[in-house]
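Asker: Chain B: place on chain A using the hints.
Protein chains: 2
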Amino acid sequence: MAPVTNGRELFNEIVPAGELPTPGKTTVYDTSETIDFDTVPLNGGFLVKTLALSMDPLLLPSMRAPQKGQPMPPFPIGKPIMGVGIGVVLRSEHEGVEVGSHAYGALSHQEYSIVPTLKNPMQPVEIIKKNPKLSWTAQLGPTGLAGETAFCGWKEHSKAKKGETVFVSSGAGGVGSIVVQLAKKDGLKVIASAGTDAKVKFLKEIGADVAFNYKTTDTREVLAKEGPLDIYWDNVGGETFNAAIEATKMNARLIVSAAKSQANFNGTNQPIKVAGLFNARSLTMVGFNMFFLRYKHMAAFRGEYVPQVANGEFKYAEDIRHGLANAGEALLHALSGENVGKVSVIVAEE
Amino acid sequence: MAPVTNGRELFNEIVPAGELPTPGKTTVYDTSETIDFDTVPLNGGFLVKTLALSMDPLLLPSMRAPQKGQPMPPFPIGKPIMGVGIGVVLRSEHEGVEVGSHAYGALSHQEYSIVPTLKNPMQPVEIIKKNPKLSWTAQLGPTGLAGETAFCGWKEHSKAKKGETVFVSSGAGGVGSIVVQLAKKDGLKVIASAGTDAKVKFLKEIGADVAFNYKTTDTREVLAKEGPLDIYWDNVGGETFNAAIEATKMNARLIVSAAKSQANFNGTNQPIKVAGLFNARSLTMVGFNMFFLRYKHMAAFRGEYVPQVANGEFKYAEDIRHGLANAGEALLHALSGENVGKVSVIVAEE
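Heads up: the sequence lines are chains A and B, in that order. Quick note, the first sequence lines up with residues 1 to 350 if you use UniProt numbering. Quick note, the second sequence lines up with residues 1 to 350 if you use UniProt numbering.
Chain A with its partners taken away, still in its complex shape (with noise of 0.2 Å):
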């Protein structure tokens, strides 16, 4: 077989502090390369044609300059980015990987990539079925990452108890949601806010008992109305943490999600003002790193949650992009809070 164009998205330029990726200079689509499925070396690996990619704010880290602490390592400039990903197997030297089966993992963003190996925890990708019932975008997305992290969050730290009130920020986005309707399930009451009236509204479609634009109300108000808080579900950050923490209960628990307070790492993510009351109210707050927290929860996960999805018990919203050459631009509309839903890019049909 004559060798096929690669299309490829590279790194190109850190993203200062404070900013947002810029498509076609932070990242560019490349289209310089071939392959050859037949002859391409696998080393052992094995080679995947990308089905979909999950554009996920958690990447914008990555595109920052290189600092302590990073949640993941900087992206080198030149090579193609890398993020969750679904492909199917198109040829393998790897024992227990077959033709045909499907990868979910950290995929280059690349139309096609070899993946050297399963045993790398560094580079974590996992042979999975389809789920008739669910399409390969709800995989990336309420039983993907996003999935994953509402659902291994909520059970590792929320201490939920039934009749407790809980304030999710965020709320309408790929993890709030599903933060949303565990919430429900567990009879919470859930205060809920997005940053427009069309997120309101998916708000109450999925259960929110009060749901609300935090750009044209108070978020300070509501919470006055409508907490005090047992439990606050961060993906944001800034004021609105603050204004949380001064809505809580003794004993709350406050859960720093790995969303959008993360996306803002190095640099605009606005400081918690109110440490003070820590002390008062015997408050504990909590992040989460995915990357180590998802193994202790996964057989849960699998066994009962996503049959759960499949099954119709879990509403959720996407907001799907087609092609390689538009994850930049979708990239950033996931990071500009103009999305409805969890955005996903499908790069080929399989």
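These are computed hints drawn from the structure, not numbers from a lab. Hints may be right or wrong, so weigh each one.
Copies of the same chain look alike in the list, so a pair counts if it fits in one copy or across any two.
Claimed, not checked - Listed below are the simulated DSSO-like cross-link pairs for lysine-lysine, each with C-alpha atoms no more than 27 Å apart in a straight line: (1) K155 x K296; (2) K204 x K225; (3) K119 x K249; (4) K161 x K296; (5) K249 x K185.
The model shown is predicted, which means the values in this text are computed figures rather than measured ones.
Answerer: Quick look at chain B alone, frame taken from chain A:
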């Protein structure tokens, strides 16, 4: 018996945010009231002669303008302030409270006062036995509120494991010096900071592996060399907190102690700027309110820890003043950072 003067320390004026109390202005010592031990109505309570009072930074928040979420209610203007103290019972109408027994708990800052009941959770007072090996001021310090704060906070929240590294700010204070020794007993490497060379010397005497004066040595440099940290015990807040967060390992615990950072409540507590690291490193930050936590650990505190203090297994320093008239100065001294060890006021000999 003829009435005697009942000296009182009255709360006179709110302390502005960011300022420290001014003796003679914030509180005034008043001798206008007399009391007749034989005829003063007890209404079912008991009459206490105050022996010693603890000068806790925790008193300051109640001297500030009323604010939501204060650890303790604000002091009413014109009334005696209230803190932790020890007294001897002179007369009693209260079941189980005998003349000559000793009361420990929330006492008014006056030479003689009436405790209405042992059953008011908002004014916790209990009858204690004198430990022959411990002075009353020791029972207000290493085996009093400061010791309780260190012991209960450490047992509840440190999750300490042998070989881990802890940083204790304000390590020479009443709470910090006990935390340093509890951590050494648990087999940890202890880094501790203080603000004078005399305190640094004391830190070395009580076993800190690394002790430094944060005014003359850069905290970040010490932590870069001696860290990273599994645990940070925070007694100060502010930039030290940010430096400690930056120096954490994965899964580190940040314990906000009820000391100086709480004293700075309502004004000068500097913000936590590096909340983004909470995700990357799965950090936990906890505050605790002793008012609620102490009951959980009192059996171990009295049964195990207090005998160890009495047997000399813990070292402690005391900074003692005499006379209720000097309580205002003594509290300012405790807040100034000049003290080595716990500041107490001996109001009367038994």
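Asker: Within a copy, between copies, both or neither: which one fits K119 and K249 at a CA-CA cutoff of 27 Å?
Answerer: Intra 44 Å, inter 24 Å, cutoff 27 Å: inter-copy only.
Asker: If the cutoff is 27 Å on CA atoms, where do K249 and K185 land: within, between, both or neither? Let me know, please.
Answerer: Classified as within: same-chain Cα gap 22 Å, cross-chain 35 Å, threshold 27 Å.
Asker: Using 27 Å as the alpha-carbon threshold, which applies to K204 and K225: within, between, both, or neither?
Answerer: For K204 and K225, the Cα distance is within 27 Å only inside one copy (18 Å; across copies 52 Å).
Asker: Give the relationship of K155 and K296 under a CA distance limit of 27 Å: within one copy only, between copies only, both, or neither.
Answerer: both (10 Å within a copy, 25 Å between copies)
Asker: Cα distance capped at 27 Å. Does K161 pair with K296 within a copy, between copies, both, or neither?
Answerer: both (21 Å within a copy, 21 Å between copies)
In summary, this structure violates none of the numbered hints.
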